[in-house]
Structures are given as C-alpha cells and as structure tokens.
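Residue numbers (this note's numbering), protein chains in the order written: chain A, 192 to 271; chain B, 9 to 355.
Because the hints were derived from the structure by calculation, they are not lab data.
Source: prediction; values computed, not measured.
For each residue, glycine too, the CB sits at the ideal point set by N, CA and C.
Some hints could be false.
Unchecked claim - Straight-line C-alpha distance at most 27 Å; calculated DSSO-like pairs for lysine-lysine:
1. A:Lys237 to B:Lys150
2. B:Lys338 to A:Lys237
3. B:Lys150 to B:Lys112
What the hints assert, rightly or not - These stretches of chain A come out as covered by chain B in the derived footprint (C-beta under 8 Å, 3 or more residues):
4. 198-205
5. 243-252
6. 259-268
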Amino acid sequence: MTINILAFGIAKEIVGGTSTSADLPSHTTVAQLRRRLEEQYPRLGKLASYMIAVNNEYAATDSLINEQDEVAIIPPVSGG
Amino acid sequence: MVNDIRYSCQVALPGFGTEAQARLNAARVLVVGAGGLGCPAAQYLTAVGVGTIGIADYDVISISNLHRQILYTPAEAGQKKVTVACKKLQQQNPQIQLVAHDVKITSANVMELVGQYDIVLDATDNFETRYLLNDACVLQHKPVVYGAIYQYEGQVAVWNVPYKDTYSPNYRDVFPDANAAQIPNCAEGGVLPTLAGIIGCMQANEVVKYITGTGELVSGKMLLFDALTMQIRVVKIGDVTRTNITEIAATVDACTISAQELKAGLDDNKYTLVDVREISEREAYHIGGLHIPLSKIEHEEFQLPVDKDIVFYCASGRRSAVAATLLSGKVDAKLFSLSGGLKGWRQ
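Throw the hints in and build the complete structure from the sequences for me.
Shown next as structure tokens:
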C-alpha cells in the first residue's frame, strides 16, 4: 500500500516538501514506519523525538497503519 | 479593585461575568520569555486584568527582534527586555502587579520561580527551558500553556491539567527529548512575525480560559497552525499522561564570553574562533576563524587546535552554546560560546 505522509516543521526540510509517500506492506506498525522513514531520511533519526500522528491522533509505536490513513510527521519546535 | 468600566466588554460575555473577572484579578501568571510569543501574550494578559504577571527574561532588545517583539522600539535596543516590557505593561494597565524576573532559568532556580505562580506561559525560544518549565510544573501540579513557532508554523497546547485523579499529558508525552543541534530557532530558520502574534494570543486565550473556567482547553491534544494555508489541525494526544517525572534534570551551562571581551582578547591573539553556522550563513558574513557547522561538531567530524582557548560563534549564541556544551570535557582547551552571537557582535 502507498501511504501519503504529511510533514511539519523541520520535517518539511528533511523530506524536501510538505508531504512524502511510502510504499509499505499491509499491517505495518508505527514503529516499522519510523524505522523505514529514518532509513530513508537519516536526519529524522537525529531529532531525538518526533510525533507520528495517524488521522489526527497521536500514534503509539504498536498501532497499525491502514491504506486510507492520513499520517503526519510532527517534530518538536523550539522558536519563540 | 476591579475597574468595572475597563473590563465591562469581557464581563458582558455569556459564561464570563464578574466572578470570572474576580478570578483573573486574583490570578498569578508567569510568562517565560519576553520575545515573539511573550510580548503579545503578556499584553493581552495585562489588558484582560490578570492580577499578578511575572515576566522572566535575561536577554536584551536587538534590532532584529523588533519585527515580531512588538513591545519594543529601536531606541530601546540594548536595554533589558524584562525591564522595558514590565514598564510598558504597567502603563497599559496600572491596576495590576508586574514582577520582573531578570534571570536565566536553570535547574537551580526553576522550582522556586514556578512555585510563586498558578500557571506558566511557556514563550521561550529553546528546548532546555521548555523541558525545565514542563518538569517543574509537573512536579508542582501546575499547568503550562505551551507555544512554539518555526517559520510559518506554530504549536499550542496546555500541559498537565488535572484530569480525574491524574493529569493530562505534558510536553514529554509528545516529545520525550529534543536534539537542539538539529532544530533551528527563529534567528536561524526565520519566522513570520504575525505568526508569533497569533500563537502568543492563542496562549493568552488558553490562560484566560483556564483561570476563568471558560470553554474547553487544548489539553490532551496539540494544536498546529499553518500561517501559509491558515489551516488548523488539532492532534489528539490522549486523556492522561504516561510520563513519570520525578526530578528536575540538572542543566549544564556553556561558558559564555561577551562580544566586548572577545574583541579585546582577539587583539591579544588569545582565542581560536570557530564559526558553527551553515556555509550559506558564513558566506554572507563572518568574523574569521575556523568553520565547523554544528552538525559536524555533533558527530565529532573535526579537528580543533588546542593551543588557545576556543570561542564558538553563531547567529544568536544558541548553536555556539550547544557546541560548547557538547564538547565540554572532550577537548583539551577552554571552551566559550559568544554570548548574543554575531547579532551582539555587530551592535
């Protein structure tokens, strides 16, 4: 399945745009998606932490991703 | 005394009334950071009649702040933000009490400072202070109204609100840790000034709602605002926190050097300068020395001469402080960070 992934904050710069996509086997967990993204975008792994939201909800590492899901990478932001 | 006419247009709101106004008048709010978020937030909290407002900041006003830090004027460049902010806010509302805290928040003073207030508005510009405020508020059972901005995007949330017999999620539920070396702040990544105003106002809005018990807070969730598309997205985090914060992590401070001291020391050939900015920034302007971007320092891909003390510099003093802290104890030379960065150097 192909999943469209929205990028926020510094993740936009890391993935090179406001969204990216990933071809994933069905029954992929959020932990697997994170690993996959960090292989593709090593800078993501250096952020120490970032949130993965699925359908506007914080997604725990063991949640499953489905084909119609809207996935977002939300890194921390420091500015003030 | 609550001046009825001054507050009449908010007291008239459905679900507000004189009782809500009295609660505002009795409330004590700490605004940490008198910058892009802190200026508008503090102005609205002042206008709305919060009885006691503490402002904590240790920075001075610089010309590059003025586009978004709307309490300040060019004539005030070089003055302490906290002094100027408190003076102007007091003029805006003489009925309230303003308390200036001219301090850098550290693990040593955060508990005492937070302890003096009912609620904290996090308008800081760095992760270290955000985590300190979060952890201190969790330990003292106080809410934090969080706001953060980057380029065209902002985040808002209210952390650590009582929920049943526990508390709503806090900053560490969403971001357990952050790598400051990897995420630029406003000085480096740029920021839309109106975004700072919007997010700062949203924070003040949540403080007013919390104090008066009006409406529904952004707790258990985080609001994301995109100024380019005007889209608001609210991400649900969960009802309760899963963290277990038991103490304040000790902060490590980099040794800093002022622009004045550095200029004098360079004349005597006392320091090796290291520019930790990106190459594009260096090409635009630099003050010499070696060039090792922070990303390389983080991965220890460099060699430093250790015959003299080393001074790291960047645009604002933030990245250079990260560099000096990262290498503390690993390099056989005394390490400094140029306080205020090139911004301070050029003034």
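Hints, verified against the model:
Between Lys237 of chain A and Lys150 of chain B the alpha-carbon distance is near 31 Å, which puts this suggested pair outside the 27 Å criterion. Only pairs whose Cα atoms come within 27 Å are accepted, and Lys338 of chain B paired with Lys237 of chain A is accepted, the gap being roughly 21 Å. At roughly 20 Å between alpha-carbon atoms, Lys150 of chain B and Lys112 of chain B fall within 27 Å of each other, so this suggested pair holds. Residues of the region 198-205 of chain A lying with their CB closer than 8 Å to a CB of chain B number 3, which satisfies the three-residue condition for coverage.
Beta-carbon proximity to chain B at under 8 Å applies to 4 residues in the region 243-252 of chain A; the threshold of 3 is reached and the given coverage holds. Requiring three or more residues with a Cβ within less than 8 Å of a Cβ of chain B, the coverage given for the region 259-268 of chain A holds, as 5 such residues are present.
When held up to the earlier numbered hints, the structure conflicts with hint 1 and nothing else.
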